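Student: This is what each chain is made of:
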Amino acid sequence: MKKDWPLWEVFVRSKNGLEHRHFGSLHAADAEMALENARDVYTRRNEGVSIWVVESKYITASNPADNGELFEPAKDKVYRHPTFYHLPDEVKHM
Amino acid sequence: MSDKEIKNLEAIFEARIDRDEKIEPKDWMPEKYRQTHIRQISQHAHSEIVGMLPEGNWITRAPSLRRKAALLAKVQDEAGHGLYLYSAAETLGISRNELYEQLHSGKAKYSSIFNYPTISWADIGAIGWLVDGAAIINQVALCTTSFGPYARAMVRICKEESFHQRQGYEIMLTLCKGTAEQKAMAQDALNRWWWPSLMMFGPRDEESPHTAQSMKWKLKRKTNDELRQQFVDQTIPQADILGITVPDPNLKWNEAKGQYDFGEIDWDEFWQVVKGHGPCNKERMEARVGAWEEGTWVRDAAMVYAEKQANKKVAQAS
Numbered sequence: 001m002k003k004d005w006p007l008w009e010v011f012v013r014s015k016n017g018l019e020h021r022h023f024g025s026l027h028a029a030d031a032e033m034a035l036e037n038a039r040d041v042y043t044r045r046n047e048g049v050s051i052w053v054v055e056s057k058y059i060t061a062s063n064p065a066d067n068g069e070l071f072e073p074a075k076d077k078v079y080r081h082p083t084f085y086h087l088p089d090e091v092k093h094m
Numbered sequence: 001m002s003d004k005e006i007k008n009l010e011a012i013f014e015a016r017i018d019r020d021e022k023i024e025p026k027d028w029m030p031e032k033y034r035q036t037h038i039r040q041i042s043q044h045a046h047s048e049i050v051g052m053l054p055e056g057n058w059i060t061r062a063p064s065l066r067r068k069a070a071l072l073a074k075v076q077d078e079a080g081h082g083l084y085l086y087s088a089a090e091t092l093g094i095s096r097n098e099l100y101e102q103l104h105s106g107k108a109k110y111s112s113i114f115n116y117p118t119i120s121w122a123d124i125g126a127i128g129w130l131v132d133g134a135a136i137i138n139q140v141a142l143c144t145t146s147f148g149p150y151a152r153a154m155v156r157i158c159k160e161e162s163f164h165q166r167q168g169y170e171i172m173l174t175l176c177k178g179t180a181e182q183k184a185m186a187q188d189a190l191n192r193w194w195w196p197s198l199m200m201f202g203p204r205d206e207e208s209p210h211t212a213q214s215m216k217w218k219l220k221r222k223t224n225d226e227l228r229q230q231f232v233d234q235t236i237p238q239a240d241i242l243g244i245t246v247p248d249p250n251l252k253w254n255e256a257k258g259q260y261d262f263g264e265i266d267w268d269e270f271w272q273v274v275k276g277h278g279p280c281n282k283e284r285m286e287a288r289v290g291a292w293e294e295g296t297w298v299r300d301a302a303m304v305y306a307e308k309q310a311n312k313k314v315a316q317a318s
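Chains as they are written, first to last, in my numbering: chain C, 1 to 94; chain S, 1 to 318.
Careful, some of the hints might be misleading.
Subject to a maximum C-alpha distance of 16 Å in a straight line, what follows is the list of computed EDC-like cross-link-like pairs (lysine to aspartate or glutamate) [as the list claims (entries may be wrong)]: (1) S:Lys313 x C:Glu47; (2) S:Lys109 x S:Glu286; (3) C:Lys3 x S:Glu307; (4) S:Lys308 x C:Asp30; (5) S:Lys26 x C:Glu32; (6) S:Lys308 x C:Glu32; (7) S:Lys159 x C:Glu47; (8) S:Lys252 x S:Asp233; (9) C:Lys3 x C:Asp66; (10) C:Lys3 x S:Glu286; (11) S:Lys313 x C:Asp30; (12) S:Lys22 x S:Glu10; (13) S:Lys109 x S:Asp233.
Some chain C residues judged to face chain S by a derived CB distance under 10 Å, without partners named [stated by the list, open to error]: (14) His27; (15) Asn63; (16) Pro88.
Keep in mind the hints are simulated off the structure, nothing from the lab. All of these numbers come straight from a predicted model, not from anything done at the bench. Here a beta-carbon is modelled for each residue, glycine too, at the ideal position from N, C-alpha and C.
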């Protein structure tokens, strides 16, 4: 049984000082080829100074159906935000 | 899931789209939304890939190194655009091989414009100017479409396409400022590419059964006829600057409407080419299928090599 080239996710740092950001995906036989292909597919116009590739199957993603229990509890914790605390206007630098 | 639960999910889904929220691959979506997107995104990807063929035809014969470098870069961009779009389609749960299979078997369509031949260098100018011009109008409208991966691919593509149209127009401009023979080449290319370019916007609104649903899903932001009108209105002044004329005796500025009136497209020709009877349909498919089949041993060898290297690493580590 012949195997197809696996799918890879591509992350690119546009310039030093910025984080790597997800740019897209592509197929390649191995990591080295994935890097070379990523360079041709996603950085033809100086879009990057560094590339990460990771085989897509190694990414574990949260399920949008669980968004309620994952993210909603943060909504009623307003005391995590500075505006929750009432201070007189005379107080400066805070 | 019960019918009632599905109805409820559909209502939530439609409300999200109405609020201009983006839909991401793992979100729940109606099966029809998924299928329509797979069809449209893959058709778009196939068009980019098949679109390399008519222009690739002229790379070795470009008249100067400057033109050759630009044309190579443009064709390479089209390969890239095809790849962005294939990966956007794959997020909907269809594999790359299935997508290729649909193209090769004729189940999936690609833009009919690429079934016309490029018989002179001026055709490369006309394609950049008109075909990429028409594509940009379609694509700009898609940058705000509701499916996240498609919209993101379109934003990247639109950024890169503008050079394609400018390089084409520059070729036309150079020919039109050249000898009488060169200007005649430009006029001839315009004569042959004008009507197929207008056909790129698809059937008239009343003949386009998917338009209403696609507008609702924001997969389309303007109708075929609106986009076609926009193309005519912005292209005619560009032809005037070149000093050549479109092959349409009915073309006339309509002062009251503030836009051009233009003649009727030959819809028989349109449907003939869509159904596979255009001048180059057979040649294009033979080129694609041939490239895929002749590349099989390369893909297999790369996979075997990758496995061998991986095993070597494991052996060294133990």
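Student: Decide, hint by hint, whether the structure agrees.
Tutor: Status of each hint after checking the structure:
1. S:Lys313 x C:Glu47: Not OK: S:Lys313 and C:Glu47 at ~32 Å, beyond 16 Å, violated.
2. S:Lys109 x S:Glu286: The hint holds at about 15 Å.
3. C:Lys3 x S:Glu307: OK: C:Lys3 and S:Glu307 at ~10 Å, within 16 Å.
4. S:Lys308 x C:Asp30: This hinted pair holds, its Cα atoms lying about 11 Å apart.
5. S:Lys26 x C:Glu32: violated (29 Å)
6. S:Lys308 x C:Glu32: holds (14 Å)
7. S:Lys159 x C:Glu47: holds (12 Å)
8. S:Lys252 x S:Asp233: holds (11 Å)
9. C:Lys3 x C:Asp66: violated (34 Å)
10. C:Lys3 x S:Glu286: Roughly 25 Å between the alpha carbons, so the hint for C:Lys3 and S:Glu286 is violated.
11. S:Lys313 x C:Asp30: holds (13 Å)
12. S:Lys22 x S:Glu10: OK: S:Lys22 and S:Glu10 at ~15 Å, within 16 Å.
13. S:Lys109 x S:Asp233: Outside the cut-off at roughly 28 Å; violated.
14. His27: Constraint on C:His27 satisfied, holds at 6 Å.
15. Asn63: holds (7 Å)
16. Pro88: violated (39 Å)
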